[in-house]
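These protein sequence lines map, in sequence, to chains Y and F.
Position one of the first sequence corresponds to residue 1 (the numbering used here), numbered consecutively onward.
Position one of the second sequence corresponds to residue 1001 (the numbering used here), numbered consecutively onward.
You can take every hint at face value.
Which stretches of chain F does chain Y cover? Using the computed rule of at least three CB atoms under 8 Å from a CB of chain Y, they are: (1) 1374–1387; (2) 1413–1423; (3) 1447–1459.
Since the hints were made in silico from the structure, they are not lab data.
Ideal placement from N, C-alpha and C gives every residue a C-beta, glycine not left out.
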Amino acid sequence: MPEIRVTPLGAGQDVGRSCILVSIAGKNVMLDCGMHMGFSDDRRFPDFSYITQSGRLTDFLDCVIISHFHLDHCGALPYFSEMVGYDGPIYMTHPTQAICPILLEDYRKIAVDKKGEANFFTSQMIKDCMKKVVAVHLHQTVQVDDELEIKAYYAGHVLGAAMFQIKVGSESVVYTGDYNMTPDRHLGAAWIDKCRPNLLITESTYATTIRDSKRCRERDFLKKVHETVERGGKVLIPVFALGRAQELCILLETFWERMNLKVPIYFSTGLTEKANHYYKLFITWTNQKIRKTFVQRNMFEFKHIKAFDRAFADNPGPMVVFATPGMLHAGQSLQIFRKWAGNEKNMVIMPGYCVQGTVGHKILSGQRKLEMEGRQVLEVKMQVEYMSFSAHADAKGIMQLVGQAEPESVLLVHGEAKKMEFLKQKIEQEFRVDCYMPANGETVVLPTSPSIPGGISLGLLKREMAQGLLPEAKRPRLLHGTLIMKDSNFRLVSSEQALKELGLAEHQLRFTCRVHLHDTRKEQETAMRVYSHLKSILKDHCVQHLPDGSVTVESILIQAAAPSEDPATKVLLVSWTYQDEELGSYLTSLLKKGLPQAPS
Amino acid sequence: MAAHLKKRVYEEFSKVVQQPQEEIATKKLRLTKPSKSAALHIDLCKATSPADALQYLLQFARKPVEAESVEGVVRILLEHYYKENDPSVRLKIASLLGLLSKTAGFSPDCIMDDAINILQNEKSHQVLAQLLDTLLAIGTKLPENQAVQMRLVDVACKHLTDTSHGVRNKCLQLLGNLGSLEKSVTKDAEGLAARDVQKIIGDYFSDQDPRVRTAAIKAMLQLHERGLKLHQTIYNQACKLLSDDYEQVRSAAVQLIWVVSQLYPESIVPIPSSNEEIRLVDDAFGKICHMVSDGSWVVRVQAAKLLVSYTLFNEQRLTLLPGKRTAHERAKELYSSGEFSSGRKWGDDAPKEEVDTGAVNLIESGACGAFVHGLEDEMYEVRIAAVEALCMLAQSSPSFAEKCLDFLVDMFNDEIEEVRLQSIHTMRKISNNITLREDQLDTVLAVLEDSSRDIREALHELLCCTNVSTKEGIHLALVELLKNLAKYPTDRDSIWKCLKFLGSRHPTLVLPLVPELLSTHPFFDTAEPDMDDPAYIAVLVLIFNAAKTCPTMPALFSDHTFRHYAYLRDSLSHLVPALRLPGRKLVSSAVSPNITPQEDPSQQFLQQSLERVYSLQHLDPQGAQELLEFTIRDLQRLGELQSELAGVADFSAAYLRCQLLLIKALQEKLWNVAAPLYLRQSDLASAAAKQIMEETYKMEFMYSGVENKQVVIIHHMRLQAKALQLIVTARTTRGVDPLFGMCEKFLQEVDFFQRCFIADLPHMQDSFVDKLLDLMPRLMTSKPAEVVKILQTMLRQSTFLHLPLPEQIHKASATIIEPAGESDNPLRFTSGLVVALDVDATLEHVQDPQSTVKVQVCQVLYPDGQAQMIHPKPADFRNPGPGRHRLITQVYLSHTAWTEPCQVEVRLLLAYNSNARIPKFSWIEGGEVSPQVETSIEGTIPFSKPVKVYIMPKPARR
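Whole structure, please, built from the sequences with the hints as guidance.
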């Protein structure tokens, strides 16, 4: 029984460290290779030893696909390819390929230079790893090998994010990565055609949420920022360097422009400048508005947003600062936060999801006194706001995507177990498809019934066409032929041709059957009666009375004989070839019922 | 004599009608010419290869073929068709047959048999498709021939089983266009049973080729368009097609569903997966709503657009049937069930206890969500369509208007300006139904800081007609508007106007705010605010307009407020209404608006003074002049006092002035004396003629609402002026030669007049033109001197024509808002280069300013007398309200260097072309007027005050 096996090494009932193994028709594919933000020990990377204890990974994996450049989707890639050892192809889109190394390098710096970790991948490893990358275009079908092909679809979420369809023969799996069904200020909405995969692996970060209009959110955000700034307060927006940051920048930039505001906006970290360069470059991946207006002005060339310097944090007067990282767990955003937290005029806006244990999570849960390093207690007086700007699909968006792709079954990853459970029920109820939500290391086995393509010889087809009307789509039709299985392909040919090809002689197979009839008349007369009887019943068939006294119906021969022992009964000998089995058996059953009483 | 001549006039006219028929007769004689078919035949025979033949055919197709020779050509083509082996040539021939059968005046039924014949033997699919197309052309050409149509439908049915999608497409198209309308067509003798076209087409809804499926749906829609009533069973079929893999199929299916839902709105369909039933119209509504979130944006736009028309149709029904659960209600339940979190608050998204999951069906019930989806769509085309749909629905249902307000307000922050503008306009349209909450008002007002002028002004318009619920709201609006004023001082007028309406709509809400706004204090006198401060004026405008209907308010005013009132009432009378102030007389007795025009004393006065003028005829010239002078004076004064009558008064005064000038000119002494002696004095008469001409042009083009009967009178007056001119010229010039030309021209004018206004001539008894036409034959043959003499006597004898007053008449006017013309700082620029001058003007009562008939022209007059005309682009005009237009454009100036700054004048002109006004007449050869004639400008009328702009072109530095 063919089957699709899916094993999440990460992101199974969990967010972070996305890594999903899929084996489909004998091909093994690894989807994403991410790290976990919450851990700094071995648990931050997926357990690659699951794939193989000994031996090289390259022998077990046909390819690796990276959906987008977020570290929880690509963070473990250099470790996986260089340190564990994988030499096969790695597929990602062009923007991902461009931006991914910047993020990895940044991550490496923090881990090695700041935290002083040993046994971490080096810059050279990142470079070597990126050399193995094969970049793909949207909607381009890439042949990994003779059978395995992959195809990327637009996913929104961040620049270059893609959903991938993995296809072997007629079996296919779609992996969404992270995606967004509502367009935002710089990206469009995810889109997939009706590809009807066997399995759809979808993220489910917001499995229980139906967000209200995004304009509402934007308006609230802008209003809060505007009000604080007008009051003379400072606004801190912790963001991750790429993705939401650009979205919010565009939002503030256009607002500043529309409203003619002069308050400075700063963006920390130099990394963003490099990344912004790529945003300017990959205009085709953005939304309608930016694509249409970039001739006049590239939206990513910010007029009002300037680079941040550490000294600016102490400047008097209002300002807006974007600082990394997004969850306030370290780095510049935390430093600024500590400086500003004491003033109630100031505001911090958390634009996205915060992992448990981070400062961001603490203040969002309402904690007003924070213990910092060195036993300090920081009192938070500034306003804390949460704005969900996360570019993930909400419940409705997920349902919409499922509706668009029409999969045979759905598998949920990248979400919390409790919420998944809820969405699972919804999906099963609405689409009547199976829905799975495996935990890490748990394998889902999905039996498939792949359709096997077979050829039919033209001669046979034409003969069938000539016989009857055109084939109707709704009605099955019987066709006689011979199926030849040779070199793993299937052909349906006419029996004569099959015999010829195989060099076999034809054997005739005839069925004969005796039917006893109670009839006192002579054989000739009995034959005559049989003839007239059949003639009256089988109007569509050619019934003939041959001169030698036998009756033929098409190619079926009926002979009447009088057995010696009982002159009152006649024996009808019915004989037909196996091709006429249907008609022959019908005839015998007909004759067994006896002949109608002849008018004497 | 007169009667006889009139008859002649009519005879002449009727002859003109007959002429084209005669022409056709003469054309028939041309058949002797070497026919096209012969030439084609020779060409085709010469052709050695298919490529050659194709070339000949292509050449042939470029030239038109006359109706008479079509048949011959068709025969030749058919003959060649039978012989031809190359399918490409046959294809071309087939397409030519289709083109030829469309020729006007050719009845294609003779080639139908041949076409059907060759169709049966054709093997190539492409040629087959083309032949079917030809048959379609033939069939549409013979709409009333039932037998032909039946036969063609039969042919189409036969070829429906073809393997090529192109052929099937064409067959379906043929069926859609020609399928019989009545099912029980009288069975013809040939026994062609009327087929159930709908069923046949319906079968192809499940064709394997998406193009054929689309064609089938389109054919079905075509049937509907032709008036065939579609079966209800199609609905279910169409619903299945909504989930088709191909976008063009879905797009067409949405249309079909819409059509069917209009045909059978009240039938009941079951809701799948539940035992409830729902009206078809609601079901379809839900389905179309669902399509707004389709994967393909083409379908989304289509669905959103259909929602626009759908809601119009549907909402009337929704209100009629209170018992039924509507689609909206079903959707509302989903949201109120509260199973999903909104994601607005942190930590809010933990899964809740399950709420009867069976009842909630997330995707199917997307009706309400459709708008949310449409409004958030990636493509702004979809968003605009959704806003429109929302607008339509809200206009018809006040309760929905309240509900959709939040969404609409959200759209004010869209990233595309077009969408923002559209939603503001939409909001204005529904503003009668709604009252803004404070938080909504807050959002709306935030847009006031938008840097786009269009947005701000649209928002001011919106605020003019918005209902605000609380006094805080009013205060907020005022504060925001003042902020807006401070930020963009150019919005001054728009903001004042906005506050005027805001005040007059909410007097009770303004009342408690007055002390705060005027910053009065119960015990102390506060400092008198600066009267020139636009912000202070804005506050006063708000208060005074509120005080109009709130008599208690003036008690709160301090002394200087009254003084300021008096000042503003004078200087900004359009913004400050007359108030009933204690101890003061009303500045002008306002006419209460409930008096009907007939009772209105000023209207009566107008009528009386006009009637008085009609007795003009019986007065001596001196008396007539005086009477006219008085009446003109009266009318002018009336126009100044009563703005609503200004149009009529000015219009009539202008006419009377013309008459006065005419009488004066005829009173001149020069007529009595021998011509050569009085060269000097003739100035007055010719000046009068010129002035009358100008006045008539103004009358014709500067007033909106002028009807044909007025135009006749105006033209008549102009004709008189032209006659006067002719006479004056005749008297003052020596020699006869120039007179010949003038006379001829004048007679042409008369002829033109007669043709244009033939229908109105009977109303013009005893007028100048009436008499003139009587004498026309004599004039035609006379010498110029004689003509002049006749004209002179006729001018004197002609009676004064009564000018019927039009219903609605308004004088076009324009005000240049910017440049203000007050600046002392010259606009400096380097000579030889251009400087852009922003021009902002409002135009009132100008008919289609963009159109070519009347073009507003900016004229720049340089100090050296040089004038430059600028035609604004059509896009520079905006239409903020009925009868009002706004011109915002840039004028490019350039000049050589000046030694010191100087002023240039900018003004708006109304361009006119009197020929363009007159409809095309049949005698114009070929019925075609070249576009240049239509767009040409005959003259211009200045209709705004000139504004002086101080400029200084500097010499270029080397």
